[in-house]
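Novice: Let the sequences and hints guide you as you build the complete structure.
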Amino acid sequence: MVNTIWKFSTAGEVQFGRGSRENLATELVALKVQRPILITDASLMMIPVVAELIQQLMSSAILAVFDGSAAEPSVKIAENAALAAAEHRADCIIGLGGGSNLDVAKVTAIVQAHGGKPQDYFGFDRVPGPVTPLIALPTTAGTGSEVSHSAVLTDTDNAIKVSILSRWLRPRVAIVDPALTDSCPAKVTADSGMDALVHAIEAYSNRPFEQLEDVSSEARAYQGSYALTKMLAGDAISRGGKYLQRAVETPNDQLARDQMSQAAMLAGMAFSNSGVGIVHALEYPIGALTHCGHGEGNGLLLPHVMRFNLRHCESQFAEIARLLGCSDHLPDGELAHQAIERIETLQRAIGIPSRLRDLGLGESQIDGVASKAIEIRRLMDLNRRTPTKEDLITILRAAF
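Sequence positions in the sequence shown follow my numbering and run 1 to 400.
Just to be clear, a hint being listed does not mean it is correct.
[Stated by the list, open to error] Cut-off 25 Å, straight-line C-alpha distance, at most; resulting in silico cross-link-like pairs (SDA-like, lysine to any residue):
hint : residue 1 : residue 2
1    : Lys76     : Lys117
2    : Lys389    : Ile340
3    : Lys389    : Ile366
4    : Lys230    : Glu341
5    : Lys161    : Glu341
6    : Lys161    : Asp125
7    : Lys389    : Ile160
8    : Lys32     : Ile47
9    : Lys161    : Ile374
10   : Lys161    : Ala179
11   : Lys161    : Ala42
12   : Lys32     : Ala86
13   : Lys161    : Glu363
14   : Lys187    : Leu289
15   : Lys187    : Val2
16   : Lys187    : Gln347
17   : Lys117    : Lys161
[As the list claims (entries may be wrong)] Restraint-style ranges between C-beta atoms, simulated for each label pair:
hint : residue 1 : residue 2 : range
18   : Ala349    : Arg385    : 27 to 33 Å
19   : Gly17     : Pro331    : 36 to 42 Å
20   : Ala30     : Gln55     : 19 to 25 Å
I should point out that these hints are in silico values taken from the structure, not numbers from a laboratory. The model shown is predicted, which means the values in this text are computed figures rather than measured ones. Built from N, CA and C at the ideal position, the CB exists for glycine as well.
Specialist: Following this line, the structure appears as structure tokens:
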């Protein structure tokens, strides 16, 4: 049987542009919020533009601040944030920061509305209903969490990243102000920008929605690619290919910052509907073991996974090559190879590591990574080429 219906979802409202952060207080009034809590991290509290934003909020609401979030957040961090929200009797959760902070804010919104612990909601479609109103303000251009329906935490006990996926996790309002990314260090800009590109490339090239009738129930967290997600992902690929290196090398280039913020947001809209694939499935256990940045691990793995998928994605990769600026006068086979080469050239230019050993992964850990990744069916089932565990081991050894 062939699927004939697709649907598209994103944040309830999206505001984009420099200065849009100034609208946050107005949104709180519109939502009749009285006791918001801001979920962020200590380093962002020291940035002047963030300090000014907090002062504005304090003048208009009874604001609490939880600044205990961190990169690749653990379940414990999310538990602490939820406890802070409960103690404040928060009626709105504001996430400010990179994808890690936004994900902690999402989990906080679940627990504040429905009680329990983060672990109660791991997996797909386990959130029973609407969460506490959630507003997201990204300070990096990468994860697209401000428009997505997922939150990722690290389960330190089992050395794996775990996801919560639910229609209720899309923020009520996403405010994407590129000015909030201006202070990003070069490495954060590079890693988050590669994350956005991986989102876009996997969303663009995964299985089409018509073919997903037979996939596992877990894979229904995503729909596969279709015209709208390919349009959004293609736009994100084009912007990322043109502006990521500029944003890394010239951090005060506002045009590059603006374009990368838009690329990350569009990629988030695309992948949170169509899904991602093997790159993300492999990075989850690698990130938990090595504590590398999510975008760093994704970026390193991307060309190796693209080579694995090449025979099944030749036309899609050729289209991606054109979006990255390659000549349009070559056969698809050549263009598909050029897409991979363009990605590798960009990675070298912005300092993405080229070997898993450089991230701290041991060769003896490869089998365990493959074993954990192959079980993430919501991602494996979306890949155009169905991998075996042995295929994953081959990919990992090539990247090692």
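Novice: Could you run down the list of hints and mark each one as holding or not?
Specialist: Status of each hint after checking the structure:
Restraint check for Lys76 and Lys117: satisfied, since their Cα atoms lie roughly 10 Å apart, inside the 25 Å limit. A threshold of 25 Å between alpha carbons decides the hint, and for Lys389 with Ile340 the separation of about 23 Å falls inside it, so the pair holds. A C-alpha spacing of about 11 Å is found between Lys389 and Ile366, which places the hinted pair at or below 25 Å, so the restraint holds. Annotation: proposed proximity of Lys230 to Glu341 holds, straight-line Cα distance about 21 Å (limit 25 Å).
At most 25 Å may separate the alpha-carbon atoms for a hinted pair to count; Lys161 and Glu341 exceed this at roughly 29 Å. For the hint pairing Lys161 with Asp125, the CA-to-CA distance comes to about 17 Å; that is within 25 Å, so the pair holds. Of the pairs offered as hints, the one joining Lys389 and Ile160 holds, with about 17 Å between alpha carbons and a cut-off of 25 Å not exceeded. The suggested pairing of Lys32 with Ile47 is violated, with an alpha-carbon distance near 28 Å, which exceeds 25 Å.
Between the alpha carbons of Lys161 and Ile374 the distance comes to roughly 14 Å, so the proposed pair stays at or under 25 Å and holds. With a CA separation close to 30 Å, the supplied pair Lys161 and Ala179 exceeds the 25 Å bound. For the proposed pair Lys161 and Ala42, the alpha carbon gap of about 23 Å is at most 25 Å, so the pair holds. Between the alpha carbons of Lys32 and Ala86 the distance comes to roughly 18 Å, so the proposed pair stays at or under 25 Å and holds.
With a C-alpha separation of about 20 Å, the suggested pair Lys161 and Glu363 falls inside the 25 Å cut-off, and the hint holds. With a C-alpha separation of about 20 Å, the suggested pair Lys187 and Leu289 falls inside the 25 Å cut-off, and the hint holds. Only pairs whose Cα atoms come within 25 Å are accepted, and Lys187 paired with Val2 is rejected, the gap being roughly 44 Å. Using a Cα cut-off of 25 Å, the hinted pair Lys187 and Gln347 holds, with the two alpha carbons roughly 12 Å apart.
Distance hint between Lys117 and Lys161 is fulfilled; the C-alpha atoms sit about 16 Å from each other, no more than 25 Å. Distance hint check for Ala349 and Arg385: the Cβ-Cβ separation is about 29 Å, which falls inside the suggested range of 27 to 33 Å. Checked against the hint of 36 to 42 Å, the pair Gly17 and Pro331 passes, with Cβ atoms roughly 41 Å apart. The given range of 19 to 25 Å is respected by Ala30 and Gln55, whose C-beta atoms sit roughly 21 Å from each other.
Of the numbered hints listed earlier, those contradicted by the structure are 5, 8, 10, 15.
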